[in-house]
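Start from chain A and add chains B and C with the ligands according to the hints.
If you're matching them up, the sequences are chains A, B and C in order.
To convert, take the position in the first sequence, counting from 1, and add 4; that gives the working numbering.
To convert, take the position in the second sequence, counting from 1, and add 46; that gives the working numbering.
To convert, take the position in the third sequence, counting from 1, and add 3; that gives the working numbering.
A hint or two may mislead.
Once the Cα atoms are required to be at most 30 Å apart in a straight line, the calculated DSSO-like pairs of lysine-lysine come out as [unchecked claim]:
#1 K391(A) to K632(B)
#2 K166(C) to K144(A)
#3 K144(A) to K73(C)
Listed next, with one range per pair, are the computed distances between beta-carbon atoms [said to hold, decoys possible]:
#4 A148(A) to K193(C): 23 to 33 Å
#5 N134(C) to P887(B): 51 to 61 Å
#6 E190(C) to E30(A): 57 to 67 Å
#7 D57(C) to V20(A): 32 to 42 Å
#8 A148(A) to R109(C): 26 to 36 Å
#9 A62(B) to K87(A): 47 to 57 Å
#10 D57(C) to A155(A): 51 to 61 Å
#11 P150(B) to K87(A): 48 to 58 Å
#12 D288(A) to A138(C): 24 to 34 Å
Quick caveat, the hints were computed from the structure, so don't treat them as lab data.
For each residue, glycine too, the CB sits at the ideal point set by N, CA and C.
Listed below are the residues making up each chain.
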Amino acid sequence: MTADLSETKPLTARIVPGRAPLNLKEYEAVGGYRAVRKALKEMTPADVTKAVKESNLRGRGGAGFPTGVKWGLVPSLEKAPGKRYLVCNADEMEPGTFKDRLLMESDPHQMVESMIVAGYAIQATRAYIFLRGEYIEAAKNLNAAIAEAQAAGYLGQDILGSGWSMDLHVHTGAGRYICGEETALINSLEGRRANPRAKPPFPAIAGLWGRPTVVNNVESLCNVPHIVNNGSAWFLGLNQGKSKDGGTKLYGCSGRAKKTGIWELPIGTTAREILEVHAGGMKDGLKLKAWLPGGASTDFLMPEHLDLAMDFDTIAKAGSRMGTGLLTVVDDRQNMVSVVRNLEDFFARESCGWCTPCRDGLPWTYKTLVAMEKGEGRPGDIEQLEKMTRFLAPGRPFCAHAPGAMEPLQSALKFFRGEFEATIKKIDQTTASHAAA
Amino acid sequence: MAIIHVDGKQFTVDGADNLLQACLSLGLDIPYFCWHPALGSVGSCRQCAVKQYRDENDTVGRIVMSCMAPASDGTWISIDDAESKAFRESVIEWLMSNHPHDCPVCEEGGHCHLQDMTVMTGHASRTYRFTKRTHNNQDLGPFIGHEMNRCIACYRCVRYYKDYAGGKDLGVYGSASRVYFGRAEDGVLESEFSGNLTEVCPTGVFTDKTHSERYNRKWDMQFAPSICQGCSVGCNISPGERYGELRRIENRYNGSVNHYFLCDRGRFGYGFVNNADRPRQPMLRRDGKLAIVSPEEALLNGANLLKTAKGVVGIGSPRASLESNFALRQVVGVANFFDGHAAAEGVLVKRVTEVLRTGPVPAATLRGIESADAAFVLGEDVMNTAPRVALALRQVARGKATQMAAAQHIPEWQAIAIADIGQHHKHPIFIATADATRIDEIALETVRSAPADLARLGYAVAHAIDPASPAVADLDAATAERASRIANTLLASTKAVIVSGTGAGSESVINAAANVAWALHAKGKSVELVLAVPEANSIGLAMMAAPGIDDAFKAIESGRADTLVVLENDLYRRAPKARVDAVLAKAKLIVVDHQLTETASRAELLLSAGSFAEADGTLISNEGRAQRYFQIYDPTYYKPETAIRESWNWLHGVRAAQLGQATVWTQLDDVTAEVAAVLPALARITEAAPGAKFRITGLKIAREPHRYSGRTAMRANLSVHEPRQPQDADTALAFSMEGHNGVQAGERPAALTPFAWAPGWNSPQSWNKYMDEVGGHSLGGDAGVRIIEPAANAPAVPAYANHVPPAFAAAAGEFQIVVSHHIFGSEELSTKAAPVQSRIPAAHVALNAADADALGLVDGALVSVQLDDVTVQLPLQRHAALAAGTMAVPMLPGVPFAVSGSRAKISGAARA
Amino acid sequence: MSTANPSSNPSSNLAADVIKLADLVASASLPPSDGYVMSDEERHEIEECLHHYDDNRAASIDALKIVQKKHGWVPDGAIAEIGRAIGIPAADVEGVATFYNLIFRRPVGRNVIKICDSISCYLTGYDEVRNAISAHLRINLGQTTPDNRFTLLPICCLGACDKGPVAMINDDTHGNLSPDTIPALLEQYK
Ligand SMILES: Cc1cc2nc3c(=O)[nH]c(=O)nc-3n(C[C@H](O)[C@H](O)[C@H](O)COP(=O)(O)O)c2cc1C
Ligand code: SF4
Ligand code: FES
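Just chain A, same shape as in the assembly:
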């Protein structure tokens, strides 16, 4: 690893494929925990928050909410004395997303250091990494790193003599996508069913055990020590002018591309560069039919959208969401009805069962698609699906799960309506045209 790499690829600079993650000594040798020292010794918690705000780091969990702003919502210790929590959202379960796993499995000390610096910024008394249960390797590596950090005095009582104390725990989940929704995650962490909570009050005011709580994604947090070390101007510059947003982004590609994988690139890199340069394009003989910019809950985009910069605002303008920024490419041999059926199966199954539109609307959506897939679609089915996309849109269901489910469906209906129409039974189609007449 070279200094060079840590300049341009701060998140992954220390990761060498096929090699065990760095232990504490090795990590410290390449500048690890410098940010903890700097923050605790040279900066006030407010300074750290300010630096993150100025870096324009936007949440990498999918919604792109500015991380510094979120921290700023936490009331001051004078206003709300007592316990407060930092929670790392490491529940990565969005289909097509595989970035946080890499960060935690391959550089656990970076994760731990991030938690300490972020915890300091909000003066957390306790921090949790809410890790999805299936990430066995990540749990092992994180726990080892935490033990080392604790022994070295980076965690626990009076950290580095700063007077501030925080302990850090890995909480492994027991499944369910909805645990990734931050308020459901809090319920799950409290040992409850992972139903989301209403906002307001936001977690920053009343979160875990009713106390101020910040929930951040793994990748968002991992940027923090680098911002502290190198400053916000440096961080903003990492985008190489490709975006308004700062930093790098872990981009990736899955599906039938030549070289699927994950790459740390300047934020705002185009989808075309990701697919054609880094992933080497589609497998031989296959053409790109459509792509999801960042997980199952984002709208499909088309090949003509490939030149868009992969950042939050640009992708939003094109009618989708950058989401997690890991492309899923759909090749031309796929039937979109089946692809969407697969996605809606996921969303229906993963509904928490709290609100009506999601709990009962998604299974209906899924069953309609199954019928269509079998050629048993009926006139009115497409309209029924369209009604779902309207009535499961944001603000109608309780949380963002069901609206997420509607994104691939509505875009597939927009771009590939013919494929859906073709599943409507011939005989019914005549009736339908009569009815329409």
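Positioned in the frame of chain A, the structure of chains B and C with the ligands alone reads:
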């Protein structure tokens, strides 16, 4: 107050409400499921969607859930908006995609909130063509039926059962479209308030199993405004009758008393009305057997018995109306009228009455309890003596979370945020009783000791609050410290309730509780008293100030009197069997009752009285609230041979026959008026409900909903000609669907509202149409009249009680009896209901575990217990918490009469 | 005067109105156990977890996992036992146990195959791989082989989409699966 704009119209609402509640309070209809006025908002069903606009110029707006949006000043919404309407219809359509559409066989049909909302949204045809999910059902015990396929997953059941009522054994399982609501496994629901599930559930998942076997629709039921007879709290109920049987009891909203909830004793204990062995015609003893006679013959015989008597004694009843007690008083003469409580209990009830009437602290309403932020329970196991009070105390504890959330500007209706912020924080409640209680978990601190020590603690607390109240001599340091802790906590409250009553069997305990309340009052604190008494009209009877039952017995025993008239009372519940046997052996006995009690079965003349289902009357609750219950149906309509009359009617008839005069009282109002005139303390009971002359636009109030069906056929086994409906001279209610039906909300006075119905609202949710604001008070005022209030000129420094008892000392070889109570089994009438019978604990006695150890007695050992003169064999229970040196003797079938404070001896084998 | 103080520490400051839930659960609300007895080891591990949280309830998921690690699944009787161990009602434990898909409330085989059926794996050949496993083991999704060796379950995205199709067998994640590699892969698990 806030101004909001709904569909272009401007309204003033309570800005602290959410929009749903505010709109419903305005009389506007928005469909909803998961919201409930007592449970707050969680936003899960998404049924209450409306369009909200930024301001008057915003034409786009966005859909919001009205239950989750504050009714803040300057809010612009539309309920009529087309997109919102379509969305609301879709919500029903989604819910219906799994609902079995089994309305024809569903016991919720006709009073189903889901049906109402379906109609309200206009969803009428179904497009869903796929399979529905199905569930297995559970056996939840004798009270509640379970049909999970009907579930619409509104989460109300668990929110009510767990969060509101503190139940532990109902939960939600699974996820996504397969969420399941029930117990972790089949079994009896443990909560004493499980019955409210039948009303909280908006569809037919949880239904009243006691109604199941003889089911009928709500619209085919005849109702009356009534008062629960199960304890002294006086919850308002809406019992329903069909074919001459009481079929179901539902909650009747009273904004000061029970509001939305009843306890299971009150809801499911009505079976005594229907029991076959009830005396339904008067009976005279002939050849040693009771034989049916005509009413006229009965009256003549009654008159003769009195005329030929050497001396007459009348024993009244705490479970009979004021009117009936008064009629007895009149027929036997004031000097010969006696209190019907057990002797010791009668003394306690009188003391409670005195405390409330002479002291400076008012009795709390149930709603008043809920607004307190500290409570001290002294001696009373309210879960078993006045169950609804226990549910109210839970709300005291929960109030802390609401208060903490309010500090963060989170409104009262944000149920989940409040629970989250509150965590385990509770308003302080101290529970000092002889044994563990079922609400100990809400207590900050519990104390277990013998009644004398409970009283000493109470006196010490009072003294710590106001040194002018008597001090406790020889107080141990730990108790002194505890007393000052309790005192300081109560002093730190903004409103405290002090809860006690007759349950501990100790006047000292009542006095001590009074002192605590009075001391707080003397210190200028806001405080209210809850004093539980044994029966529905205990206070009323006590206010008639008759001498105790012992004197009645003595009059017979001494030979001064030889004729005994017993009103609605089983003397075997009031004194040891041997004594009652002896008294009855010496007396000619007239019994007026609706139950064939052991006493009634000894009668010379048994007059078949009406129960609360066939009679009207006035009761006074432990809050000092006079409330009227009204006859539900006329039993002669189906069985013309029936000769059931109100007890006052029989007794007045006997008197008239005795005097050879015509009857003076022709209707209830006559009696009530005379009671009020003769007994100044009861002067205001006439205001408990409008009298028989009351009319709305010239009409009586219908007891039956206007779709009541089958009337022309229901009596066809007797005659195919439909007779005139029975006439009700006593009240402003009609035995008919003809009459005023409350189509306009609030038209019927609360005291005369037999059932809730409003256009479009058939379910119990229709009560919300009868309130000044949803969840508030009844339009026109809550039913009943408080006839006991502290005197306006009560002295600032009250006359403290000052008989501090000596500390309890366990006596070798003896135990002090503490009579214990059980919600199922200790109350006479409900114990006769079959579903309740299956919940009655087995007869037993209990000792402190260490005491049992000392005797070498294991749990379940059969022991010989000597109580007064009787010795009985009963299984022993070891109670870890029961005060050492005491023996808990439960008031249960199979356990002999016992008196708290007396002593028992025990012997027995360590045989399990 | 005898005293039962629900606060775990009898001398605790009573002005603080916080009560530890663990002491409060009515034992009556817990169903009888079906022969399951919690071992000291399980109990100890659960108690260890309690230190990680500011409220005992939070350990419910850990507790379920501890029991499952030992028994392969969570037997009925363990629900009440866990409730007792952490001081929450059995109904709440069951509510949690049945919500999360990695908690098994029915017996499973010695080896549990969790095959990812989410989008990237679907696009790269999930159907073929699942069919191959089904054919090889003669079980469908949700079923266990008669010899109790394998249970086959679907799972959502395993976060290894670049290696799709992916499956986990017990704790191991296997990527780039194809129908012909299935028999050899399964052979590794006895
Ligand atoms: C259904 C659903 C699932 C989610 N899953 C995840 C997840 O697995 N990981 C994650 O970081 N954020 C997830 N999110 C987003 C989180 O709610 C939250 O916005 C994020 O953790 C905030 O972190 P950030 O600000 O650092 O991005 C999910 C959101 C929803 C609605
Ligand atoms: S949309 Fe509703 S049911 Fe779906 S996951 Fe969110 S809260 Fe649960
Ligand atoms: S979609 Fe299968 S591992 Fe990601």
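Status of each hint after checking the structure:
1. K391(A) to K632(B): violated (84 Å)
2. K166(C) to K144(A): Holds, because 21 Å separates the two Cα atoms, which is no more than 30 Å.
3. K144(A) to K73(C): holds (19 Å)
4. A148(A) to K193(C): 23 to 33 Å: holds (29 Å)
5. N134(C) to P887(B): 51 to 61 Å: holds (60 Å)
6. E190(C) to E30(A): 57 to 67 Å: violated (37 Å)
7. D57(C) to V20(A): 32 to 42 Å: Distance hint for D57(C), V20(A) holds at roughly 38 Å.
8. A148(A) to R109(C): 26 to 36 Å: At roughly 34 Å between Cβ atoms, R109(C) and A148(A) fall inside 26 to 36 Å, so the hint holds.
9. A62(B) to K87(A): 47 to 57 Å: With a Cβ separation near 29 Å, A62(B) and K87(A) fall outside 47 to 57 Å, so the hint is violated.
10. D57(C) to A155(A): 51 to 61 Å: violated (24 Å)
11. P150(B) to K87(A): 48 to 58 Å: Holds, since P150(B) and K87(A) (Cβ atoms, about 55 Å apart) stay within the stated range.
12. D288(A) to A138(C): 24 to 34 Å: Holds: the Cβ-Cβ distance is about 29 Å, inside 24 to 34 Å.
The earlier numbered hints that this structure contradicts are 1, 6, 9 and 10.
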